[in-house]
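Protein chains: 2
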Amino acid sequence: MKQLLIAAHGSRRTSSNDELKLLGANVSANLGVAFDGVEVAFLEFASPSIESVLVGFFNGGTTKVVVLPYFLSAGHHVMNDIPREINKVLDQWPDKKIKLLPHFGALHEMAIVIAEACKNDNF
Amino acid sequence: MKQLLIAAHGSRRTSSNDELKLLGANVSANLGVAFDGVEVAFLEFASPSIESVLVGFFNGGTTKVVVLPYFLSAGHHVMNDIPREINKVLDQWPDKKIKLLPHFGALHEMAIVIAEACKNDNF
Numbered sequence: 001m002k003q004l005l006i007a008a009h010g011s012r013r014t015s016s017n018d019e020l021k022l023l024g025a026n027v028s029a030n031l032g033v034a035f036d037g038v039e040v041a042f043l044e045f046a047s048p049s050i051e052s053v054l055v056g057f058f059n060g061g062t063t064k065v066v067v068l069p070y071f072l073s074a075g076h077h078v079m080n081d082i083p084r085e086i087n088k089v090l091d092q093w094p095d096k097k098i099k100l101l102p103h104f105g106a107l108h109e110m111a112i113v114i115a116e117a118c119k120n121d122n123f
Numbered sequence: 001m002k003q004l005l006i007a008a009h010g011s012r013r014t015s016s017n018d019e020l021k022l023l024g025a026n027v028s029a030n031l032g033v034a035f036d037g038v039e040v041a042f043l044e045f046a047s048p049s050i051e052s053v054l055v056g057f058f059n060g061g062t063t064k065v066v067v068l069p070y071f072l073s074a075g076h077h078v079m080n081d082i083p084r085e086i087n088k089v090l091d092q093w094p095d096k097k098i099k100l101l102p103h104f105g106a107l108h109e110m111a112i113v114i115a116e117a118c119k120n121d122n123f
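Chains as they are written, first to last, in this note's numbering: chain A, 1 to 123; chain B, 1 to 123.
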């Protein structure tokens, strides 16, 4: 079993966290059969935590998790906090595998998405 | 003349701001003839400021600017700070037009980009 975890910062505003949950559902709808499921987890201000989602995956029989940091740039959260959360769980589950993807903003498709969105605007 | 302004938060880390400038260049390469140019500007911690880029555009003869807030969620910066910067400039240039797009994270393509990036990963 392989799961996708979208790791976001989390916000004090519920609407912002809800936006992320909707994104998770939309990603899931576009993923097809490549993954068994998608969950969104938060570093701060919102639940579930990254640790709790990973533990839930592993307790449910998942063997591999791909983690996508939903951040625009590679700051402290991406470089330190998310790896620390992952390593904390892997220490307890040494036979499981977690792959940490580059942060969202590093995807080369970003420039294309922005260009297309702006080109299609008829202002 | 129509220009695109990518309005980012700005970081204390130069590498992060440089990442944004590279994104601006990549967007420009994908925009074709729909815009006369693309600039990146920052709210905090980095230059150029949003105001200075807008003023530069208008002094150069630009009549219309599309502003894309490069933010993942609609927090205070998106809802208050960027509109305030824009209105400050429009007060001085009442004959110019600025269109403020929804923030980057609201683009519906986000879910598709994430799903494709993860599907193509062979972990």
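Source of the hints: derived by calculation from the structure; they are not laboratory data.
Mixed in with the good hints there might be a few duds.
Where chains are identical, the list cannot tell them apart; a pair therefore holds if satisfied intra-copy or between any two copies.
When the alpha-carbon atoms are kept at most 20 Å apart in a straight line, the in silico PhoX-like pairs for lysine-lysine are as follows [to be verified]: (1) K97 <-> K21; (2) K88 <-> K21; (3) K21 <-> K96; (4) K119 <-> K64; (5) K119 <-> K88; (6) K119 <-> K99; (7) K97 <-> K119; (8) K64 <-> K96.
These numbers were taken from a predicted model, which means no experiment stands behind them.
Each hint tested on the structure:
no., hint, in the structure
1, K97 <-> K21, "neither (24 Å within a copy, 35 Å between copies)"
2, K88 <-> K21, "neither (24 Å within a copy, 35 Å between copies)"
3, K21 <-> K96, "neither (25 Å within a copy, 38 Å between copies)"
4, K119 <-> K64, "between (39 Å within a copy, 14 Å between copies)"
5, K119 <-> K88, "neither (44 Å within a copy, 26 Å between copies)"
6, K119 <-> K99, "between (35 Å within a copy, 13 Å between copies)"
7, K97 <-> K119, "between (41 Å within a copy, 17 Å between copies)"
8, K64 <-> K96, "within (6 Å within a copy, 53 Å between copies)"
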